[in-house]
Structure formats: C-alpha cells, structure tokens
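Mind docking chains V and S on chain U? Use the hints.
One letter stands for each residue in the lines below.
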Amino acid sequence: MPSSKASPVLRVKVADHGVPENFAMIAHTEYLTLNTKKRYEIVDITEHVERARANAGLRDGFVLVSAMHITASVFVNDHESGLWRDIMTWLEQLAPAKPEYEHHATGEDNADAHLKRMLLGHQVLVPVTDAKLDLGPWERIHYGEFDGRRPKRVMLKALGI
Amino acid sequence: MPSSKASPVLRVKVADHGVPENFAMIAHTEYLTLNTKKRYEIVDITEHVERARANAGLRDGFVLVSAMHITASVFVNDHESGLWRDIMTWLEQLAPAKPEYEHHATGEDNADAHLKRMLLGHQVLVPVTDAKLDLGPWERIHYGEFDGRRPKRVMLKALGI
Amino acid sequence: MPSSKASPVLRVKVADHGVPENFAMIAHTEYLTLNTKKRYEIVDITEHVERARANAGLRDGFVLVSAMHITASVFVNDHESGLWRDIMTWLEQLAPAKPEYEHHATGEDNADAHLKRMLLGHQVLVPVTDAKLDLGPWERIHYGEFDGRRPKRVMLKALGI
Numbered sequence: 169m170p171s172s173k174a175s176p177v178l179r180v181k182v183a184d185h186g187v188p189e190n191f192a193m194i195a196h197t198e199y200l201t202l203n204t205k206k207r208y209e210i211v212d213i214t215e216h217v218e219r220a221r222a223n224a225g226l227r228d229g230f231v232l233v234s235a236m237h238i239t240a241s242v243f244v245n246d247h248e249s250g251l252w253r254d255i256m257t258w259l260e261q262l263a264p265a266k267p268e269y270e271h272h273a274t275g276e277d278n279a280d281a282h283l284k285r286m287l288l289g290h291q292v293l294v295p296v297t298d299a300k301l302d303l304g305p306w307e308r309i310h311y312g313e314f315d316g317r318r319p320k321r322v323m324l325k326a327l328g329i
Numbered sequence: 169m170p171s172s173k174a175s176p177v178l179r180v181k182v183a184d185h186g187v188p189e190n191f192a193m194i195a196h197t198e199y200l201t202l203n204t205k206k207r208y209e210i211v212d213i214t215e216h217v218e219r220a221r222a223n224a225g226l227r228d229g230f231v232l233v234s235a236m237h238i239t240a241s242v243f244v245n246d247h248e249s250g251l252w253r254d255i256m257t258w259l260e261q262l263a264p265a266k267p268e269y270e271h272h273a274t275g276e277d278n279a280d281a282h283l284k285r286m287l288l289g290h291q292v293l294v295p296v297t298d299a300k301l302d303l304g305p306w307e308r309i310h311y312g313e314f315d316g317r318r319p320k321r322v323m324l325k326a327l328g329i
Numbered sequence: 169m170p171s172s173k174a175s176p177v178l179r180v181k182v183a184d185h186g187v188p189e190n191f192a193m194i195a196h197t198e199y200l201t202l203n204t205k206k207r208y209e210i211v212d213i214t215e216h217v218e219r220a221r222a223n224a225g226l227r228d229g230f231v232l233v234s235a236m237h238i239t240a241s242v243f244v245n246d247h248e249s250g251l252w253r254d255i256m257t258w259l260e261q262l263a264p265a266k267p268e269y270e271h272h273a274t275g276e277d278n279a280d281a282h283l284k285r286m287l288l289g290h291q292v293l294v295p296v297t298d299a300k301l302d303l304g305p306w307e308r309i310h311y312g313e314f315d316g317r318r319p320k321r322v323m324l325k326a327l328g329i
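Residue numbers (my numbering), protein chains in the order written: chain U, 169 to 329; chain V, 169 to 329; chain S, 169 to 329.
Worth flagging that the hints you see were computed from the coordinates, not collected in a lab. Treat the hints with caution; some may be incorrect.
Since the list can't tell identical chains apart, any single copy or any two copies may satisfy a pair.
Below 30 Å or equal to it, Euclidean Cα-Cα: the simulated BS3-like pairs (lysine-lysine) are [said to hold, decoys possible]:
| id | residue 1 | residue 2 |
| --- | --- | --- |
| 1 | K205 | K181 |
| 2 | K181 | K206 |
| 3 | K266 | K206 |
| 4 | K181 | K300 |
Bound conformation, chain U alone (with noise of 0.2 Å):
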C-alpha cells in the first residue's frame, strides 16, 4: 500500500558548480541513423549520446534523445538481454502483433509498433553534469526498435553549457 505519511528522503546532496562568467550558451543537434536486422531490436545507445555530449563540449545541461519514427522507442533501463527480452514479452502480450487494428486499413501492418512505442516513451532526456551523462549505476539508454530493417532515425540534442 503506498503510504504518503513522514517523507523517506533521508538526505539532500547539492552539487552546485555555478555558471562560469564567460559562458557560452550551447545548442548542439546530432541525427542517428539506425538499420536493425530484425523487425523487433533492442540496442544500446548509450556510446553515440555521450560522443554526441563530447562533440557538443556540454559541461551540464540535457541532452534529449528522441526517436523521430512513430514505430520506436527510446527509454533508460539495465542493458541485460534477459531484461530485454522480457520487454519485449512483455510488450508483445500488452500490444499484441495482430491483424484487427483499424490502422490497418491504410494498408500498414505495423499498428502494435504504435502502440508499443507509446508503451515505453519516445524520448528521454539525459542529464549532463561535469562533462558527463549523469546517469545511475545501472542507467543505459536503449533504442526499442519495433518495425526494423529499414532506416530509422533518432535526434539527439545538447542544450546548456
């Protein structure tokens, strides 16, 4: 039962390093270009949102990681193919692949990809602190791909400084 009585935070760290004087304001956008072999992937993005942190010269700020086509995801989970697999179970029984979805109609057959995107999100927005994605012990960022073997895209966009 969740409970809203006596507040568990235990403790507040600030780790505050101010905006130095000459600061220049950055907005950096990169596009990634993914082809998965299958119809159904999962990858590990992680690498390309830091190299795209490190070309953008962010120091802290966000870095949104969107996906720009309406059958993926992006989402921050554990990079362990067991996970990953349970995902993708898992998505499949809440949204199944089927042929009686009015979407159909147009003449695709990709409606559970729709849904399933929506499932898990299509962004997320990495902070960056230090110089470095300010992630979790077990944070990744991870492409959920859901109609592949084409060219899909993901934005990743540096805002700060």
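Then chains V and S, alone, in the frame of chain U:
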C-alpha cells in the same frame, strides 16, 4: 529477440549551426485551453506548438508541451483516424472505465482517465532546429482527452535561443 | 471516438515576461536520497522539487526530476491515497511480480519493478514560471518505488534563468 551485438548505427549527421555571438536566451510560455465535445477525444495540436515557437522567436532548443490536468495526455504519433481509434480501444482494454476504483470513494468517476494519462504520458519535449519544429516525417503532437467537456489547459514553454 | 474536426482550442494565453538584460543562466543540480519502508510505495516529492528550484534561484525554465535507479518511477498525478492504491493495483495487473522472468536468471527477483518503472515513466520535466513550479491545480510530483527498503537517488536538475 533483442540483440546487443554489432551496433546497427549506420551513420551520424551533425547539424550544428553554433550559437551566434549576440544571442538572447529565450524563455516563453503560452497556455492553450481546450474544451472537447466528447469525454474521450484526440486532438492534433501541432499547429499550436508551431505558433508558440514562432511567437517565441525560437531558432534552437525545446518546446515543452505538457497537459496541466491529470486526466489528459500529450503524445507524439501518427495523424491517422484509424490509429486514433485503435489507441482509444487499446487504452480502454488496459485501463478500463469501471466503478470499482478506490479513487471513486472521493465522489469522482474518472480513475480510468488518470491511468490512461500515465499510459500515454502527459508531456513531450519538442525539439526546434533552424527555427522549425524538428519532427520526424510522421510525427504529430496530439492531445489525448479522457475526461473532457470542460475547459482544460496545456502548457507550451519554449526554452533556447 | 476520436475526432480531428474543428480544433477545440478555445483560447491561448501568452505569459511572456521576457528575459532580463542582465540575466545569468542557471544550471543547478541536487540529488535526493530516498529509502522507503516498503518494497512498493508512492511518495509525494513536490516540496523537494520546489526547494531545489528555490535553491537554484530559477525564475523561468525547467526542473528535470529523474529516478536514477531502474526500478523506480517519477510521475505527475493526483495526491489522493485511493488513487495511489488504484495505481499500484493496476501496475500489478499489467506488470505482475512473478518468478518466470528471464531477468531472474541473473539472481535478481525484481523484473516486475523494471517494467513498472517504464509503464509510469522514470522522469518528468517540471516547468517553472514566475519563480514558481508551474503545475496544474491537481498536479503533484510523485516518486514510485517498486523495489525499496534501500537508499535510492532522484536527480533534480534546474536549467533556465
């Protein structure tokens, strides 16, 4: 089955136009008020987001689009009426309207709307590049209403340069 | 049924106070550590987000609130204990705790928590306007714990002016 072997990233394109010398940082806020005729309805609000971007004069950065009421969603997907009906049918399967929610002890009857909001998500961050919404070919910004027929607000906040 | 005819947008309000001449850009980071007494628990952390905003001196922009552990969520919804129980019951239906996950071959027993985190989402971007969290009337920021009883962190990063 997911796979982590051999990253399928084909190529990276860097679209970095730099920050001009005399830039002014932009923080601009608008509020849309929507009043749908039906209790459950999907509305394409992309044109309103683009108008807010233009009002802000934003050339690079983000526009946050966030539903301020806890029974509504904002999501990015295809503008296709068959898919919209699929989404509504699917939401009803996963988070059905029914009397037996504990939330209804407060006198409310819309617990399903709270859950549907969380399934689709309540906000998106729309990237802006070269003074345009930087969306994929089929990405459109939608408002999902699950307890309509009264005025409800969506925040549009532009941040960047 | 969803409909795209006749946009139901009633009105638009622009609340644009501009950026002052001598503004300083703000990038400020805090980390909350939470340790819930129960394995599954919902905690309202709105006051902590507001305190981070005040510590940052942020007048306009965003505060990112992001769960740094992959078995926890951050979401915005109503502060109502009946609804919180409904959310937990619903999550258990859609992503049940059970032995048969492949992730458990690693020795873990919390695959359901990974899935629950993704259903509710792991981060929100809280808008700040006029030196206040710019939330709707019932919007409160919640931490959702699905594998608690140990210290876990939430990042609060303020960006703006």
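| query | What label fits K181 with K300 when the C-alpha limit is 30 Å: within, between, both, or neither? | reply | both (18 Å within a copy, 21 Å between copies)
| field | Intra- versus inter-subunit Cα pairing at 30 Å for K205 with K181 | value | Between copies only: 21 Å across, 44 Å inside.
| For the identical chains here, do K181 and K206 meet the 30 Å Cα criterion within one copy, between copies, both, or neither? | Cα proximity of K181 and K206: across copies only (23 Å, versus 44 Å in one copy).
| query | Should K266 paired with K206 be assigned to within, between, both, or neither, using CA atoms and 30 Å as the limit? | reply | both (18 Å within a copy, 29 Å between copies)
The structure fails none of the hints (numbered hints given earlier).
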